[in-house]
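Novice: Start from chain U and add chain Y according to the hints.
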Amino acid sequence: NAGVTQTPKFQVLKTGQSMTLQCAQDMNHEYMSWYRQDPGMGLRLIHYSVGAGITDQGEVPNGYNVSRSTTEDFPLRLLSAAPSQTSVYFCASSYSLTNTGELFFGEGSRLTVL
Amino acid sequence: TQLLEQSPQFLSIQEGENLTVYCNSSSVFSSLQWYRQEPGEGPVLLVTVVTGGEVKKLKRLTFQFGDARKDSSLHITAAQPGDTGLYLCAGGAALGSQGNLIFGKGTKLSVKP
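These protein sequences, in sequence, are chains U and Y.
Anchor point for the first sequence: position 81 equals 81 in this note's numbering, and the numbering is continuous, going up by one each time.
Anchor point for the second sequence: position 105 equals 105 in this note's numbering, and the numbering is continuous, going up by one each time.
Treat the hints with care, as some may be off.
[Unchecked claim] Which residues of chain U face chain Y? A few of them, derived with a C-beta cut under 10 Å, are:
| hint | residue |
| --- | --- |
| 1 | 42 |
| 2 | 58 |
| 3 | 92 |
| 4 | 100 |
| 5 | 103 |
| 6 | 104 |
| 7 | 108 |
| 8 | 112 |
Treat the hints as calculated values from the structure; they're not laboratory data.
Fair warning: this is a prediction, and the values are worked out from it, not measured in the lab.
All C-beta atoms, glycine included, are put in the ideal place defined by N, C-alpha and C.
Excised from the complex, chain U in its bound form (with noise of 0.2 Å):
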C-alpha cells in the first residue's frame, strides 16, 4: 500500500529559484496538508485542504502556495526560494476533517536552500 507519496526526497536551491513539492495519496483522503519541521520548532502547518478545489492558510503560509485540482495530488509551490525555507517538509492526509483523526504522514522531502 502507497499511502502518502512525496517527491522529491532531496532538494537542493539557490535562493530565488522556485519549485514544487510533489505529494499524492491513494487512500480517497479528503483532507491533506503540509508541515514544515525545523529543529526544536516541531511540525508547523504551512497549508491544508479539505478537499478538491478548497485550500486554506495554516500557520506558517508565507512563501508557499497550493491547489487542490483533485482528490489524489496536493503540491506545494514554492515561488522564490530563501534560506528561511531550509527545512524537512512532510504531507499529511486524514480520512476525517476534524482533529480527532488520524493524520497520515508521508516520509518527508529535505529541502535546502543555498
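Specialist: This is chain Y only, laid out in the frame that chain U set:
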C-alpha cells in the same frame, strides 16, 4: 494562541528502564494525540484520547489525558531500543478541524541496549 509544551526535550536511558514524558498546556483541548517519529520517516499515530481522565494502554505504553484536558503523559515500561524516536503530542481545539491541530516540539528518546 494555544501552545503545547513537551518535557523533557531529550531523554537518554538504558534498556529496561521506565520513563514518562509530558505534554502540558494552559489551554483546554478537546482531544490529544501522540505520534512517534523515527529518523527519516514521517510521524505515526500511537493513540488519541478525548475524555478527561482517560487512560489508554498500548502494550508497554500508557497514555493519560488530564482531568482538566490541559495535559497528557506517556509512560513507557521497560523501554527497548525499538522505542527510540521522537514523540510528539498534538492537541485539538473543541469542535476543531484538522487545520486547528497544534503540535508540541517533541521529546527525543534514545534507548541504549
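Novice: Going by Cβ atoms only, is residue 42/U closer than 10 Å to chain Y?
Specialist: holds (4 Å)
Novice: Once the shortest beta carbon distance from residue 100/U to chain Y is found, is it less than 10 Å?
Specialist: holds (5 Å)
Novice: Is the interface hint for residue 103/U satisfied, with its Cβ closer than 10 Å to some Cβ of chain Y?
Specialist: Given a least distance of 7 Å, the restraint on residue 103/U holds.
Novice: How about residue 58/U: closest beta carbon in chain Y under 10 Å, or not?
Specialist: At about 6 Å, which falls below the 10 Å cut-off, the nearest Cβ of chain Y leaves the hint on residue 58/U intact, so it holds.
Novice: Does residue 92/U pass the interface check with chain Y, least Cβ-Cβ distance below 10 Å?
Specialist: At 7 Å from the nearest chain Y Cβ, residue 92/U passes the 10 Å test, so the hint holds.
Novice: Given residue 112/U as an interface hint, is the shortest Cβ-Cβ distance to chain Y below 10 Å?
Specialist: With Cβ-Cβ at 16 Å, over 10 Å, it is violated.
Novice: Less than 10 Å between beta-carbons is the criterion; does residue 104/U satisfy it with respect to chain Y?
Specialist: With Cβ-Cβ at 8 Å, under 10 Å, it holds.
Novice: Hint residue 108/U vs chain Y: min CB-CB distance below 10 Å?
Specialist: Interface hint status for residue 108/U: holds (6 Å vs cutoff 10 Å).
Hint violations for this structure: number 8 only, all remaining hints satisfied.
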